[in-house]
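**Student:** Just so you know, the sequences run in chain order A and B. The opening position of the first sequence corresponds to residue 16 in the working numbering, with each subsequent residue numbered one higher. The opening position of the second sequence corresponds to residue 82 in the working numbering, with each subsequent residue numbered one higher.
Keep in mind that the hints were calculated from the coordinates and are not lab data. Note that the structure is predicted; figures quoted are calculated from it, not measured. For each residue, glycine too, the CB sits at the ideal point set by N, CA and C. Treat the hints loosely; a few may be bogus.
Unchecked claim - Examples of chain A residues lying across from chain B (beta carbon under 10 Å, computed):
(1) Lys19
(2) Val25
(3) Leu27
(4) Asn30
(5) Phe36
(6) Cys53
(7) Gly54
(8) Asp55
(9) Thr58
(10) Ala79
(11) Cys140
As the list claims (entries may be wrong) - Partial pick of chain A residues on the chain B-facing surface, computed with a CB cut under 8 Å:
(12) Leu18
(13) Leu21
(14) Tyr22
(15) Leu52
(16) Arg137
Claimed, not checked - Residues from chain A that keep clear of chain B, each with C-beta distances beyond 10 Å, as calculated:
(17) Lys93
(18) Ala120
(19) Ala136
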Amino acid sequence: MDLKDLYRDVILDHNKRPRNFGVLAAPAIAAQGHNPLCGDQLTIYVDLDHGTIKEVRFEGSGCAISVASASMMTEAVKGLDAAAFAALHAQIHAVLTQHDAEVPATLGKLAALGGVREYPARVKCASLSWRTLEAAIAGAGTAVTTE
Amino acid sequence: MSIAPLYDLTAIRADFPILSRPIRGRPLVYLDNGASAQRPHAVINAERRYAEESHANVHRGVHTLSQRATDAFEGARERVRRFLNARSTREIIFTRGTTESINLVAQSYARPHLQPGDEILVTRLEHHANIVPWQLVCEATGARVVVVPINDRGEVDPEDVRRLLSPRTRLLGIAHVSNALGTILPVAEMIAIAHAAGVPVLVDGAQAVPHLTIDVQALDADFYAFSGHKLYGPDGIGVLYGRESLLAAMPPWQGGGDMILHVSFEGTTYNELPYKFEAGTPHMSGAVGLAAAIDYVEAIGLSKISAWEAILLTHATERLSRIEGLRFIGTAHHKAGLVSFVVDGIHPHDLGTILDERGVAIRTGHHCAMPAIATFKVPATARASFGLYNTLDEIDALADAVVYARDLFR
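Chain B on its own, in the form it takes in the complex (with noise of 0.2 Å):
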C-alpha cells in the first residue's frame, strides 16, 4: 500500500526501542495502546536525565539540586498547562493517573455536596473509574448514579443528558473517548447542556488526549482527567485539570507534607492551589517524562497522528470486517483509532492467547468498562487499538491472525 502519514513512520518506530523486540520470536505488533501505549527515547531519557542531573525534593529545600528538580517538576506542570490550554497552571494538579484523578474529584468535590437524593449522572459507556468512584461517594450519602444510554452502535446522544438531567444532579461524568468501543463522544455538545441546567462536568480523557487536540476552555469543561501512560509517557503519572473557581472551594483530599502552609494541633492552614492537592512527594521524575511526551505528540501534531489513525481505523475495520463470523462492537459515526470485537465459536481470550503467539498484542476482556460491554451481551471482546506508529502491515497482521484463530477453532 502506498498511503502513508504525513511523518516519517520509519523514523518514528525507530524511537520506541520496544518495537524492535521480537516477541515469541517473531516482530511485535503492538495493538494494546489503549491499555498503554509505549515509550519513545525521549521519553525514557527524560527521566533518566532527571535522575542523573536533577533529582531531590521539590518545593523544599535551598540546595542547588532541590531547586532544580522544582524547576523541572513546575516546568512540566507549565507545559501540561499549554497542552490543555488551561488559563493558569493553579489548574493542574499532578496525580498517579486518570483513576486517582477522578477519585479527588468524587471524594473532594461531589462527596461534601451530595445530600440523599442528589444525583451523579453518567453514561453506560464508562470506564469503571468512571463509574466506582461515585457509587462510592453516593453510598456514602444517599445519593444515587443515573445513567444515560446508549444506542446499539456505541453511541450517546446529547438529548438523553437533557432529559436525565434534574434538579438533583450535582455532577455529569463523561468518557470523551470510550475505551471499550472507541466512540468519540459530543463532549462539548454535552458540556453546554450540562451548564445550561447549571451542572458541572468532569470529562475522562484518558483515550482522548492520544489522539485529539484538548481545549479545556474551548470545550468548557469543569475537570478534565487524564493519565501520562496512554499519551506514550510514563505510568504512575497522571493530571487533573480543574477549574480554578472549582478547585478553590474544595477542601483538601489528601493531607501531608507539600499541600500545607502551617501546621500546628491549634489548626493548619493549607496551601495555595495547586498544592493543596498534592500532599506528599510527587512522582516528578514521572512528571517531566509526562512533559517529554507532550513534547514528542506535538512535535509530530495531534492532527498528523489522528488523520493517520483514521487510515488504520479504514484499513482495520475494512479487512476485519471481511472475516466470516465477525462482528463489530461499537459502530459510532465517530471514533477512534480502535476495534473492538467478537468472533463466531471462539472466545475473546483464546483469541488474546492465538494473536500473542504470532506476536500481536491486543486486549481481550471487558476491558473495565462492564456495562457498556454487558450491552452488547457478549461476556467479552477483543480489542486492538491503535497508536502512532502502528502500520497497515500491522492492521494485515492483526487479520491474518484473527483468521488463522478462526481456522484453528472450526
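Pulled out of the complex, with its shape left as it was, chain A reads as follows (with noise of 0.2 Å):
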C-alpha cells in the first residue's frame, strides 16, 4: 500500500482549488453533513429542476479525502436526476467499501476514490458529501451525521 494511492493528484488538486466552492442562494435545497469523528463539516447546495440536478456548490472545512470528493462529486452529478445520482452514489460506495469492486471506467476522475478502501478510518470522509447530498435531494433537511 503507497500513500500515492490515497493522495493521488487529483485528489491533492481538488483539495487545493475545491471546484463549485460556496453557496447557491433559495430556492436551492442545502443540507449540513457533519463527521463527528474528525469535525469535518460541510454544506451542500442543489439547484433541482423537476428533479434534475441544475446546479450543485459546497462549503465547509475537512481532509483532503472528503473535499476531494465532494468537489470532484460536484462535477460529475450535474444533469443527473435522482435515479442516476443514485445509481452512482451505490457505485461510489461499492468502491469505497468493497475490497474486490471492481473500478468501473465510467466513473472517470472519481475513480481516485479508489484508494480509500484501504484506509477503513477514511472511508467516512469520503462518503460524507454524497450521503448529504442524498438528503438534499431527498429533501430530508435535516442534518447528515457520519456517526
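Hey, can you piece these two chains together into the complex? The hints should help.
**Tutor:** What follows is the structure, encoded as C-alpha cells:
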C-alpha cells in the first residue's frame, strides 16, 4: 500500500482548488453533513429542476479526502436526475467499501477515490458529501452525520 | 544527542512488548500516550498471574480462591491509596475509568443537591467527560453549567475562578492537565479559591497521573478521578478518590450485589464505604493490573519520568517550531508532555494518515475537547503525547514525517 494510492494527484488538486466551492441562494436546497470524529463539516447546496440536478455547490472544511470527494462529486452530478444520482452513489459506495469491487471505467476522475478503501478510517470522509447530497435531494433537510 | 533520562531507556523500552512490533513495516513510534499508554510486561503478567492463580469472585466465598481474589483486589485498593496519599481505602472507589468516576459524582453528589438556578463551574479546556455529565444533571435539575475562560495560550487564570464563583456555585470541575492542549492547571490554587467560597472541587486527573506526583491531601481535592490505561495499566479500570465525609453522605449510584448489607422488600441497607459505590462484580484483574502499573511507574520514579518528558517536550517544541506553516495549539508556560498543532494546507486527519504510514502514531481530531479546540478557531488538531518510554529519535521521526506530509501536499 502506498500513500500515493490514497493521495493521488487528482485528489490533492481538488483539495487545493475545490471546484464549485461556495453557496447557492434559495430556492436551492441546503443540507449539512458532519463527521463528528474528525470535525469535518460541509454544506451542500443543490438546485433541482424537476428532479434533475441543475447546479450544485458546497462549502465547509474537512480533510483532503472529504474536500476532494465533494469537489469531484459536484462536477460529476450536474445534469443527473435522482435515479441517476442514486446509481452513481451506489457505485461510489461500492468502490469505497468493497475490497474486490471493480472500479468502473465510467467513473472517470472519481475512480481516484478507489484508494480510500485501503484506509477504513477514512471511508466516512469520502462518503460524507455523497450522503449529504442524497439527503438534500430527498428533501430531508436534516443534518447528516457519519456517526 | 547525548541527553538521556535518569533511567535506562533501552531496558525500559524492552519492558513494553508492543514497542518492538513493526507498524506498516516500520518501527513503531508511539506518540498517542494521551489517548492510551502501552503496557509493560509487569502489568500484563500481573493480570495473567491473577487469572492463573487467584481468580474467584471477591467478598463472597469462604473458599481459598475467593479469599485470594479479595486479598488481591483489596491490596490493589491499598496500593492506589498510597499512590494518591489518601487517608483511607474507604476513599478509593474502583470504577471503569475517569468518565465513570465523574458521572458517579455528578449523579450521586451533585444531582441530589442541585436546585434550579444552581451552578456547576467548569473550565473551557475540559474533556467532554468533565462537561457532559454536568450538562446531564443540569438538564435534570434546572441548574446550569458556567464556564471559566482560557487565554490564547490555553491557560486558566485562577482569578477567573474567583470571579465566577457565585453563591449558587455547587461544585467546581477542573482538569489537572488538559488532554487537548497540555496545560497543567494550578489546581491547588484553584481548589483553595473554591474552598474559600465553600465550594467542593472535582479534579479530572486522567492526564496528570502518568506525569505528576499526586497527593490528594496536599491538593485538598474533594474528588480526584483517573483511569488505569493512561497510566500504563489496563483499560476498563479507573479510580474515584472522594473525601470520606462527602462520600459517606452520598446515596449509592448503582444498585446490586456487593453494595448492600441487607436486602428485603421492606427495605435495604447499604454497605459501608467504599463498597456502597461498587455494585456488582468489580474488574478484579484490572485492579490488580493497575496496582502493578503503579508499582512500575513508582519504581522508575514519577519525578524522573516528568523530567524526561519535559526534555522530550522541549525537543519536540524546538523541532516542530522550525517547520514552516506549523502552529502550536496550546502554548501554556506550564505544560505536560504533549504538543497539539496544525499545519497550513493539511488537515490534521490527513496528517494522521500520512504519519501512520511512516509508523508514527498520533491522535488527530478534537480530542473530546471540542470547546477547547474551538477556542483556537480550528476544527481539529494533531496531537503527539509523550510517555516515559519515548526517545528523542522518535521526536525526530515525528518532525521528519510532518515535513514529509507537508511536502506531499505542496
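**Student:** Decide, hint by hint, whether the structure agrees.
**Tutor:** Hint check results:
1. Lys19: 8 Å, holds
2. Val25: Cβ of Val25(A) sits 14 Å from chain B, so the hint is violated.
3. Leu27: Status holds, d = 6 Å.
4. Asn30: Since chain B brings a Cβ to about 8 Å from Asn30(A), closer than 10 Å, the hint holds.
5. Phe36: With a minimum Cβ separation of about 15 Å from chain B (threshold 10 Å), the hint on Phe36(A) is violated.
6. Cys53: 5 Å, holds
7. Gly54: 4 Å, holds
8. Asp55: 7 Å, holds
9. Thr58: 14 Å, violated
10. Ala79: 5 Å, holds
11. Cys140: 7 Å, holds
12. Leu18: 5 Å, holds
13. Leu21: OK, holds: Leu21(A) within 8 Å of chain B, min 7 Å.
14. Tyr22: It holds, given that the least Cβ distance between Tyr22(A) and chain B is near 6 Å, below 8 Å.
15. Leu52: 6 Å, holds
16. Arg137: At 6 Å from the nearest chain B Cβ, Arg137(A) passes the 8 Å test, so the hint holds.
17. Lys93: 26 Å, holds
18. Ala120: 27 Å, holds
19. Ala136: Non-interface label on Ala136(A) violated, nearest chain B Cβ at 8 Å vs cutoff 10 Å.
Of the numbered hints stated above, those contradicted by the structure are hints 2, 5, 9, 19, listed in ascending order.
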